[in-house]
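Chemist: Each chain, letter by letter, is given below.
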Amino acid sequence: MGLISEDDREYLKTEFNRNLKRAVKLLYFRKDKDESEYSEQTKELLEEVVALSDNLSLALKDCDDADETKSEGLDLCPSIKVKSERSGFINFYGIPAGHEFASFVEAINDMGSDNLSLPDDVVEGLREINKPVDIKVFITHGCPYCAGAVRNAHQFSLVNEKIKGSMVDANYFEELSMKHQVSSVPHIVINDKIDFVGNMPPKIFLDKIKEALK
Amino acid sequence: MEFSVRKNERSSGKKHFSAAVIGGGPAGLTAAVYLGRSKVGTVVFEKVIPGGYVVNVEKIENYPGFVEGISGEELGKLYARHAERFGAEIRAEEVTKLTLNEVPFRIETSHGSYTSDSLILATGTSNKKLGIPGEKEFTHKGISFCATCDAPFFEGEDVVVVGAGNSGVQESLYISRFAKHITIIEFLDHSTAEPILIDRLNENEKIKLLTSHSVVSFKGEKFLSNVDIKDIKSGELKNLKVKGVFIYAGEIPNNDLVKDTIKLDEKGFIVTDDRLRASVKGIFAAGDVRNTPLRQVATAIGDGAIAGHEVYKFLEESK
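Chains as they are written, first to last, in my numbering: chain Y, 1 to 214; chain B, 1001 to 1319.
These aren't lab readings, by the way, just hints derived from the structure by calculation.
Values in this document were obtained by computation on a predicted structure and should not be read as measured data.
For each residue, glycine too, the CB sits at the ideal point set by N, CA and C.
Be aware that a few hints might be false.
Pair ranges (Cβ atoms, derived) [to be verified]:
1) B:Lys1219 x Y:Ile204: 27 to 37 Å
2) B:Ile1198 x Y:Asp207: 28 to 38 Å
3) B:Leu1294 x Y:Pro132: 29 to 39 Å
Calculated Cβ distances over 12 Å to all of chain Y for the following chain B residues [as the list claims (entries may be wrong)]:
4) Lys1039
5) Ile1049
6) Val1054
7) Leu1098
8) Thr1148
9) Glu1236
10) Asp1256
11) Lys1281
12) Thr1299
13) Ala1305
Among chain Y residues calculated to face chain B with C-beta under 7 Å, some are [unchecked claim]:
14) Leu3
15) Gly98
16) Phe101
17) Val197
18) Pro201
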């Protein structure tokens, strides 16, 4: 038996079949020869996911390839970047396990479609942003509130290519979590400047971005 | 490691519904199943995750039919799929305002505006705050209300849990997988948890129960480092050095949307009759948010079934 249950596989096949209008590529960046359980499980999960739709593919990448990590805008390893012809920076630093698997599935559906579930006034506000915004959402896999915050960050990046949205596995990236004094999740860090905790509505999240850009 | 597949949001784009359910926990989603089977156009608004608060519970052992127990996460997922199977639309939106003095009722959410001919309020409860010095200052800086979210941050540390009811004891057992030692502070002279949970608590060497004690204040610099507690019988003040505190000191109803428009009891729970009708015609309440003697998944399910059925009857009679 794989990591995803048979029942969930069938459900996801239907979901992907319904949602994916274009090819979606998963770029899995990890250290060369990283055969840790964490890394192997991530790889296994991604292989299982891409097997659920012809529109999905997986490319294994090396974090030590500085040119490629730079061109993809990545600053942590391991990382899963979800890409398609649709513009947007949708990224996961660490494994999207537990509740976070839901935001991973949503990320794939969003990149493979034209989905956008943000209020009109928030979309307008996001379009006005003309400086780089780096959103990191620290999560734990047992946190039911975190996936919503990750999805918001990802959806923001679909609206404006200056915005990068990343999930960060707080337990795996322990040092970074300590740097940002993460002890409750979701803990959101914008441009290393503004921190807040909780899955806030999109409008308040946008206000925090504006605050970080001041 | 587990991988949770939630029901993915699927919007019809509709702005008017025959029935709107506020809250996608066991009560709300059960109501949606019944409404769907009655061919009533139904939307469920859930701001966090289908399943509601129950997804925080690692294992539910008193919901009949699941002999070995079932995780709250799994149960929430099943409820959502069940509601969806019969046509309910589940929207990941937070309801911010209800206008109840006109029909159809108006619903403002974090994402837009809707109308509905009837409403089921199934907004549940939240953990009660203690309202003592330091609580606000150290919330998210050592103080947490979600063990499944934050317990991993306290690996090998000393932790306090406030409250020895079912939630406090159950969550302490979960936190004990991470923390070095847990002290449960209980205001009463005994735990009110189910006896089976108390047995497990007594068997767990990491957990100590301190009854007849109250929490006086939280202290620290940037982060929480100390908790002042008081022996209620002797009046003696004591200090505990801890890195984390989890608060499970009772529940308050999530009544903000209707506190000025719907009749509430003295504790703020929505008053209903035995058909779960609230004080405004066309509005019903189900689950933990209403005045009910027991707040469990099993009772919420029963409420959801009654509310769904009653809304159907109400809509038929209104034609």
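Chemist: Work down the list of hints and note, for each, if the structure agrees.
Modeler: How the hints compare with the structure:
no.: 1; hint: B:Lys1219 x Y:Ile204: 27 to 37 Å; result: holds (30 Å)
no.: 2; hint: B:Ile1198 x Y:Asp207: 28 to 38 Å; result: violated (46 Å)
no.: 3; hint: B:Leu1294 x Y:Pro132: 29 to 39 Å; result: violated (53 Å)
no.: 4; hint: Lys1039; result: holds (23 Å)
no.: 5; hint: Ile1049; result: violated (5 Å)
no.: 6; hint: Val1054; result: violated (10 Å)
no.: 7; hint: Leu1098; result: holds (16 Å)
no.: 8; hint: Thr1148; result: violated (4 Å)
no.: 9; hint: Glu1236; result: holds (30 Å)
no.: 10; hint: Asp1256; result: holds (14 Å)
no.: 11; hint: Lys1281; result: holds (30 Å)
no.: 12; hint: Thr1299; result: holds (22 Å)
no.: 13; hint: Ala1305; result: holds (25 Å)
no.: 14; hint: Leu3; result: holds (6 Å)
no.: 15; hint: Gly98; result: holds (6 Å)
no.: 16; hint: Phe101; result: holds (4 Å)
no.: 17; hint: Val197; result: holds (4 Å)
no.: 18; hint: Pro201; result: holds (4 Å)
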